[in-house]
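**Q** Residue numbers (numbering that gives the first Met the number 0), protein chains in the order written: chain H, 0 to 159; chain F, 0 to 81.
Hints were generated in silico from the structure; no laboratory data involved.
Check before you lean on any hint, since a few could be wrong.
[Said to hold, decoys possible] As a list, the in silico DSBU-like pairs of lysine-lysine whose alpha-carbon atoms are at most 35 Å apart:
#: 1; chain 1: H; residue 1: LYS60; chain 2: F; residue 2: LYS14
#: 2; chain 1: F; residue 1: LYS50; chain 2: F; residue 2: LYS31
#: 3; chain 1: F; residue 1: LYS50; chain 2: H; residue 2: LYS79
#: 4; chain 1: F; residue 1: LYS50; chain 2: H; residue 2: LYS38
#: 5; chain 1: F; residue 1: LYS14; chain 2: H; residue 2: LYS32
#: 6; chain 1: H; residue 1: LYS94; chain 2: H; residue 2: LYS7
#: 7; chain 1: F; residue 1: LYS31; chain 2: H; residue 2: LYS94
#: 8; chain 1: H; residue 1: LYS60; chain 2: F; residue 2: LYS50
#: 9; chain 1: F; residue 1: LYS31; chain 2: H; residue 2: LYS145
#: 10; chain 1: H; residue 1: LYS145; chain 2: H; residue 2: LYS38
#: 11; chain 1: H; residue 1: LYS79; chain 2: F; residue 2: LYS31
#: 12; chain 1: F; residue 1: LYS31; chain 2: H; residue 2: LYS60
#: 13; chain 1: F; residue 1: LYS14; chain 2: H; residue 2: LYS38
#: 14; chain 1: F; residue 1: LYS31; chain 2: F; residue 2: LYS14
#: 15; chain 1: F; residue 1: LYS50; chain 2: H; residue 2: LYS7
#: 16; chain 1: F; residue 1: LYS50; chain 2: F; residue 2: LYS14
#: 17; chain 1: H; residue 1: LYS7; chain 2: F; residue 2: LYS31
#: 18; chain 1: H; residue 1: LYS145; chain 2: H; residue 2: LYS32
#: 19; chain 1: F; residue 1: LYS31; chain 2: H; residue 2: LYS32
#: 20; chain 1: F; residue 1: LYS14; chain 2: H; residue 2: LYS79
#: 21; chain 1: H; residue 1: LYS7; chain 2: H; residue 2: LYS60
#: 22; chain 1: H; residue 1: LYS38; chain 2: H; residue 2: LYS94
#: 23; chain 1: H; residue 1: LYS7; chain 2: H; residue 2: LYS79
#: 24; chain 1: H; residue 1: LYS38; chain 2: H; residue 2: LYS7
#: 25; chain 1: H; residue 1: LYS79; chain 2: H; residue 2: LYS145
#: 26; chain 1: H; residue 1: LYS60; chain 2: H; residue 2: LYS145
#: 27; chain 1: F; residue 1: LYS50; chain 2: H; residue 2: LYS32
#: 28; chain 1: H; residue 1: LYS145; chain 2: F; residue 2: LYS14
#: 29; chain 1: H; residue 1: LYS79; chain 2: H; residue 2: LYS60
#: 30; chain 1: H; residue 1: LYS38; chain 2: F; residue 2: LYS31
#: 31; chain 1: H; residue 1: LYS32; chain 2: H; residue 2: LYS60
#: 32; chain 1: H; residue 1: LYS94; chain 2: F; residue 2: LYS50
#: 33; chain 1: H; residue 1: LYS94; chain 2: H; residue 2: LYS145
#: 34; chain 1: H; residue 1: LYS145; chain 2: F; residue 2: LYS50
#: 35; chain 1: H; residue 1: LYS94; chain 2: H; residue 2: LYS79
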Amino acid sequence: MAHFEDLKLSDRLFMQVYRYRSVDWSPGARLRKPLNWAKVALISTAGLHLPTQSRFDTAVKGGDVSFRELASDLDVQQLKIAHRSSSFDQAGALKDRNLVFPLDRFRELVARREVGLLNRRHFSFMGSITTPQRLITQTAPQVAEKLHEDEVDAVFLVPV
Amino acid sequence: MCNQSVGLIASVIEKTGLPTVCLSLLQEVSHKVRPPRTLFVPFPIGYPLGKPWEPSLQHSIIREALNLFDAAAPLPLLLFHE
């Protein structure tokens, strides 16, 4: 288990005094069908992008709140990682992208009929966002709209 | 800050009627952000699915997180045990 004590001193001090945000999600949603019939989409905040997509901008003050669409048939190991956090040890993810974006694992669970199917696209953010207002009001709602367009049933989110 | 970002994105999506589940590497952060369903995983920052090239461990983590959808109402916090 990672704890604040595991972070670099500068990151730890920042995160201890930072005023975390939350969003009221009540009353909460229910999965309306068995998981082995459900369409699932993945969201990663590892700053993943295709070589053909623009990198996340690590210089944006407060964090780059944009997102990239990742097609479900991509080769996960070709994904690039553009993340500005010094707390994120990328060594593991550079060996195996499934460590932060487990698309191959979900494909296997679909093949085993434990999960219904994967959505045609997934979404990538760079999670190092200290000023999340536009994430909350603009880009996360845009992704939610796309997930509804695709008639996704459940969403699986992975931080780093 | 990734754990806050994931929790906020999940909360925004859940609010629109789509159920979400998050992994989390930092309990301290997720306790404050409180997304609808979170599986805490006992791994270092950067290793949410445990270890590279360990498909069975990665499957176990995913399965346990997906099990959180079975509860009658969102259950905010659960700890993964290897």
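**Q** Between H:LYS145 and F:LYS14, does the CA-CA distance stay at or below 35 Å?
**A** Holds. H:LYS145 to F:LYS14 sits at ~14 Å (cutoff 35 Å).
**Q** Compare the distance between the alpha carbons of H:LYS38 and F:LYS31 with 35 Å, and conclude whether the hinted pair is satisfied.
**A** holds, 29 Å
**Q** Take the C-alpha atoms of H:LYS79 and H:LYS60, compute the straight-line distance between them, and say whether it is at most 35 Å.
**A** Measuring from Cα to Cα gives roughly 22 Å; hence the hint holds.
**Q** Mind checking the alpha carbons of F:LYS50 and H:LYS79 for me, to see if they're no more than 35 Å apart?
**A** OK: F:LYS50 and H:LYS79 at ~19 Å, within 35 Å.
**Q** Between F:LYS31 and H:LYS145, does the CA-CA distance stay at or below 35 Å?
**A** holds, 28 Å
**Q** Taking 35 Å as the top limit, are the C-alpha atoms of H:LYS79 and H:LYS145 close enough?
**A** holds, 23 Å
**Q** Are the Cα atoms of H:LYS94 and F:LYS50 separated by 35 Å or less?
**A** holds, 10 Å
**Q** Within 35 Å, alpha carbon to alpha carbon, are F:LYS14 and H:LYS38?
**A** Status holds; Cα separation ~18 Å.
**Q** Is the Cα-Cα distance between H:LYS60 and H:LYS145 35 Å or less?
**A** holds, 27 Å
**Q** Taken at face value, is the distance from the CA of H:LYS60 to the CA of F:LYS31 at most 35 Å?
**A** Satisfied, since the Cα-Cα distance of roughly 23 Å is no more than 35 Å.
**Q** Measure nothing beyond the straight line between the CA atoms of H:LYS38 and H:LYS94; if it is 35 Å or shorter, mark the hint as holding.
**A** holds, 28 Å
**Q** Taking only the CA atoms, is the gap from F:LYS50 to F:LYS31 under or equal to 35 Å?
**A** holds, 27 Å
Violated hints, in rising order: 24, 31; the structure is consistent with all others.
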